[in-house]
Amino acid sequence: MRSTRHRTIRTTVTAAAALTLVLSASLVASAAAPHAPDGGAAADAPPDFSAAALLWSDEFNGAAGSGPSAANWNQETGGGGWGNNELQTYTNSRNNSAMDGAGNLVITARRESNGGYTSARLTTANRVERQYGYLEARIQIPRGQGIWPAFWMLGSGIDSGVPWPNSGEIDIMENVGFEPHIVHGTLHGPGYSGGSGIGAAYTHPQGWSFADTFHTFGIDWQPNRITWYVDGVAYQTRTTADVGGNQWVFNQPFFFILNVAVGGNWPGYPDGTTQFPQTMRIDYVRAYDVRP
164 MRSTRHRTIR TTVTAAAALT LVLSASLVAS AAAPHAPDGG AAADAPPDFS AAALLWSDEF
224 NGAAGSGPSA ANWNQETGGG GWGNNELQTY TNSRNNSAMD GAGNLVITAR RESNGGYTSA
284 RLTTANRVER QYGYLEARIQ IPRGQGIWPA FWMLGSGIDS GVPWPNSGEI DIMENVGFEP
344 HIVHGTLHGP GYSGGSGIGA AYTHPQGWSF ADTFHTFGID WQPNRITWYV DGVAYQTRTT
404 ADVGGNQWVF NQPFFFILNV AVGGNWPGYP DGTTQFPQTM RIDYVRAYDV RP
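Read in order, the letters of the sequence shown correspond to residues 164 to 455 in the numbering used here.
To be clear, the hints were calculated from the coordinates, so they are not data collected in a lab.
Label-pair restraints from in silico Cβ distances:
#, residue 1, residue 2, range
1, S276, G407, 43 to 51 Å
2, G431, P326, 24 to 32 Å
3, S276, Q415, 40 to 48 Å
4, G241, G278, 13 to 21 Å
5, Q415, A226, 34 to 42 Å
6, S323, G244, 20 to 28 Å
7, A216, V325, 27 to 35 Å
Beta carbons: idealized from backbone N, C-alpha and C, even for Gly.
Let the sequences and hints guide you as you build the complete structure.
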């Protein structure tokens, strides 16, 4: 999210049960060649994850109108710009985050009657924290000028006093509404944060809006290396060689974040073309045990 972290709700750690399942078809290596990013070098063809063990997942199968699992998710609340001059206030209201009863968590950004904006920001801090593996979410993003959805991670050290960006940030997927056909994957760390983050953009192969349907966004995260995927296609790999002599801070546990921001320094602000409410639908978030 190209930001400092504003606040965290601290809770008791809940261990994730280990399961062994066959990976969904979306994870099987794509027969197509990797789509070249708009920055950085294209990665190698994706490995075959089909035999990986599923270590943790949230499938969002709750009843319509119910909240996200408290065993997995914190709901961060508040406004104040969140380090990026954003407009929304995050709430724990079911108006902003709830199951749809069809297997999806829905995060809804709304314009309220007073002219302000509300949305939701969910984290797995102190509940589900991962280090390495294949991490993926299937998401249908929102659309519109000034809308900023993201699926990302922060280093767990941020909750024990390690400041951002030294704690590390892995942006698995970000979209800014003025680029409906592009998503971004970025690393932030000491010496390469904010607008100087290290990453690349992925353009929809047909030039269509990513908001039109669901897509899978993931990373294969190994010691000293991270590869980004969209719909099973690898589009960039970053290693210790890419941080320009700065510290690689990604060999430690991180937690997940899902949110929809409204406005901010990067996406700009809603205008007359922006329609509300806007929804981000998340089918699942999964973590697989993929070893080098």
